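One rule links them: number in this note's numbering = place in the sequence shown (from 1) + 1.
It should be emphasised that the hints constitute simulated quantities derived from the structure, not laboratory data. The structure displayed is predicted, hence computed values, not measured ones. In this text, a Cβ means the ideal position worked out from N, Cα and C, and glycines have one as well. One thing to keep in mind: the hints can contain errors.
As the list claims (entries may be wrong) - Cβ-Cβ distance ranges computed for the label pairs, FRET-style:
1) T4 / V382: 29 to 35 Å
2) V425 / T384: 32 to 38 Å
3) R380 / L219: 46 to 52 Å
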Amino acid sequence: METLNGWIAGLNDILWGYILIAALLGCAVWFTLRTRGVQFRMMGEMLRVLGESSGSGSRGERHVSSFQAFAVSLASRVGTGNLAGVATAIVIGGPGAVFWMWVIALLGAASAFVESTLAQLYKRRGKDSFIGGPAYYMQYGLGQRWMGVLFAVLISVTFGFAFNSVQSNTICAAWESAFGLDHLWVGAAVTALTLLIVFGGIHRIARVSSVIVPVMALGYILLALGIVAFNFRRLPEVLELILSHAFGWGPAAGGTVGAALMQGIKRGLFSNEAGMGSAPNVAATAHVSHPVKQGLIQTLGVFTDTLVICSCTAFIILFGGVPDPSLNGIQLTQAALVSEIGPAGGVFVAVAIFLFAFSSIIGNYYYGEANIRFITSRRGVLTLYRLLVGAMVMFGAAATLDLAWSLADVTMALMTLCNLVAIVLLGRQTVLLLGDYLSQKRRGVRNPVFSRERLPELKDRLECW
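Produce the complete structure using the sequences and hints provided.
Structure, rendered in structure tokens:
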């Protein structure tokens, strides 16, 4: 196990040392400029379109609403990255990692807008609902099915196997710390619940996520905001701590800038998934009148995840100063809450992480299912994949924290690079769609509608418009 961990860590150093950080920041800045800061100037429109719902289509499809699509993608985003991932980033990269999390969220939201809008543009009609995602815009937008299959394999492994191992590992660590329960017993229970849900399909996943996510996120945010308000006088001190470590001000922070940058972007990406190519898979299932609408909604998900929930966790941890390096992951977050509200804090985190991480497991699974269906329609393959997902949830319960995170980092890096290449090549189409949307809004159209005639050069590649 130690040899495997060392090999994976070496590959991570190569991928994350320069390649992925440069690619992520480069694309994020490029799309921010090309869309003229769509993630900032259209915040009000994001909130407006989030409330739109859908019914059945003319062909009898059971459409997924904008809010349900938002909830499923947020279910995958809001998980261990918000509680355990933030803690890991602070321990390894120092408090400055939080600043770089904010940067990648603010700029990367433009990448999230582009990829989700493209997913809507190139979505197809499935048996029960729309289907789509990066694999589809690689095949129909770029005309490269091989690239779509490669991405489909990478995301199925990343989310169904690697990320779900991390989620399971974190649940088990939290429950062991709070209740003294053995990892294997907790892992077995989580595995059974996972299989029960994933064999129900996207509509069961959407229904479960649309209930669990708002409740769990609101509960955690209210608790965190209460702690932040109680420690309001110390907030300037925490912000100064974050900024000083982010830029190397002062002797204690001088050598940590590189680690802060790497950990902030790595854990920020794991948490908000901007540019990774995951959220577009569920964004494509939504029934909207214009592709830009779902792009805006998924952009809002990035802000919700990182700027609100991750920041709350970071503030709670840093109210006690630079944390003890002997603690890591979810146990550091538990210790921080215990110091603020007493022993109940550890129990609360254990329950919260179960809801956060379990909703992520089922959201992650859906990304894998959608891409397995892209590769093959054979039902036996999908059944095998569901069983393997359950097995990896159980594996995560027995694996070490370092191995679980390292495996997730490698597969995340590879699928992200594949997706970034595609959205850079197709980015111009998103700019045209945004222009069409804004043009209709300027003419007084409250509910812009898109049809394939508006982009005649793409007419033959689009199915649902």
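Verification of the supplied hints:
1. T4 / V382: 29 to 35 Å: Given range 29 to 35 Å: holds, Cβ gap about 31 Å.
2. V425 / T384: 32 to 38 Å: This hint holds: roughly 36 Å between Cβ atoms.
3. R380 / L219: 46 to 52 Å: This hint is violated: roughly 38 Å between Cβ atoms.
In summary, the structure is inconsistent with hint 3 from the numbered list given earlier, while agreeing with all the others.
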